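For the sequence shown, UniProt numbering begins at 1 and goes up steadily by one.
Hints in this document: simulated from the structure, not taken from any laboratory. Check the hints yourself; a few may be wrong.
To be verified - Computed beta-carbon distance windows for the label pairs:
#1 9 / 114: 57 to 63 angstroms
#2 73 / 161: 35 to 41 angstroms
#3 5 / 52: 37 to 43 angstroms
#4 19 / 154: 28 to 34 angstroms
#5 73 / 19: 17 to 23 angstroms
#6 48 / 4: 43 to 49 angstroms
#7 67 / 117: 35 to 41 angstroms
#8 71 / 46: 22 to 28 angstroms
#9 155 / 53: 27 to 33 angstroms
As the list claims (entries may be wrong) - Using 27 angstroms as the maximum straight-line C-alpha spacing, the simulated DSS-like pairs for lysine-lysine come out as follows:
#10 160 / 124
#11 4 / 72
#12 45 / 148
#13 148 / 124
#14 160 / 148
#15 46 / 148
The structure displayed is predicted, hence computed values, not measured ones. The beta-carbon is built from N, C-alpha and C at its ideal position, and this holds for glycine as well.
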Amino acid sequence: MNSKFIKSSIKVLFGTMHILFFVFSLLMFIGNIFISLRLGVYLSKKIIVVLFALSLYFMILSISGYFALFRKNRMVLFLYIALAIFGMNIILYSINIITRDTVVNLNNVWNKMDNSARNKIQRKLDCCGYNNVNDRKGSKCNSAIPCKLIFNQIVIQLIKRINITSITMFTMLSISLVMISFLKLKSNK
């Protein structure tokens, strides 16, 4: 194959990948606004801050990726590589924060809720009590399933989705580092 064809194909792939980075980060930012407005009371502030920081970080990374691709400046290339490697570490650290704080926060949220909020959750999730059915004497519920089990299932599904997204982003960052290295090293020879 022709070297120019390979190089231009990698440029197109790299550019497309960074468009996806930008779109993903924009959707993540909008989703974070929605989540913080709807569920801000129930989520830890640390989780909301981490999600906002990640979305802004990926916006900056996607923009710096374009500059690294089309500029001949080594400083921009160094900045992009440093941001990408730093981003890989941020992804791993944020997974840890989100999973740990989500599980701990569930117990705190349930304890802070008033009876009407608890009744509403019990109706919507078809559960009764938090740790067991006898937690709330005098409450009106028909289920034999404690809400903690359903909450844990929801959290496990959320954590699985976060992990899959994080692994995908980690892989995309690794591939983009390989691509930019290939493009820049090829052009220096």
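Going through the hints against the structure:
{"no.": "1", "hint": "9 / 114: 57 to 63 angstroms", "verdict": "59 angstroms, holds"}
{"no.": "2", "hint": "73 / 161: 35 to 41 angstroms", "verdict": "38 angstroms, holds"}
{"no.": "3", "hint": "5 / 52: 37 to 43 angstroms", "verdict": "41 angstroms, holds"}
{"no.": "4", "hint": "19 / 154: 28 to 34 angstroms", "verdict": "32 angstroms, holds"}
{"no.": "5", "hint": "73 / 19: 17 to 23 angstroms", "verdict": "21 angstroms, holds"}
{"no.": "6", "hint": "48 / 4: 43 to 49 angstroms", "verdict": "47 angstroms, holds"}
{"no.": "7", "hint": "67 / 117: 35 to 41 angstroms", "verdict": "48 angstroms, violated"}
{"no.": "8", "hint": "71 / 46: 22 to 28 angstroms", "verdict": "36 angstroms, violated"}
{"no.": "9", "hint": "155 / 53: 27 to 33 angstroms", "verdict": "21 angstroms, violated"}
{"no.": "10", "hint": "160 / 124", "verdict": "23 angstroms, holds"}
{"no.": "11", "hint": "4 / 72", "verdict": "17 angstroms, holds"}
{"no.": "12", "hint": "45 / 148", "verdict": "21 angstroms, holds"}
{"no.": "13", "hint": "148 / 124", "verdict": "14 angstroms, holds"}
{"no.": "14", "hint": "160 / 148", "verdict": "18 angstroms, holds"}
{"no.": "15", "hint": "46 / 148", "verdict": "22 angstroms, holds"}
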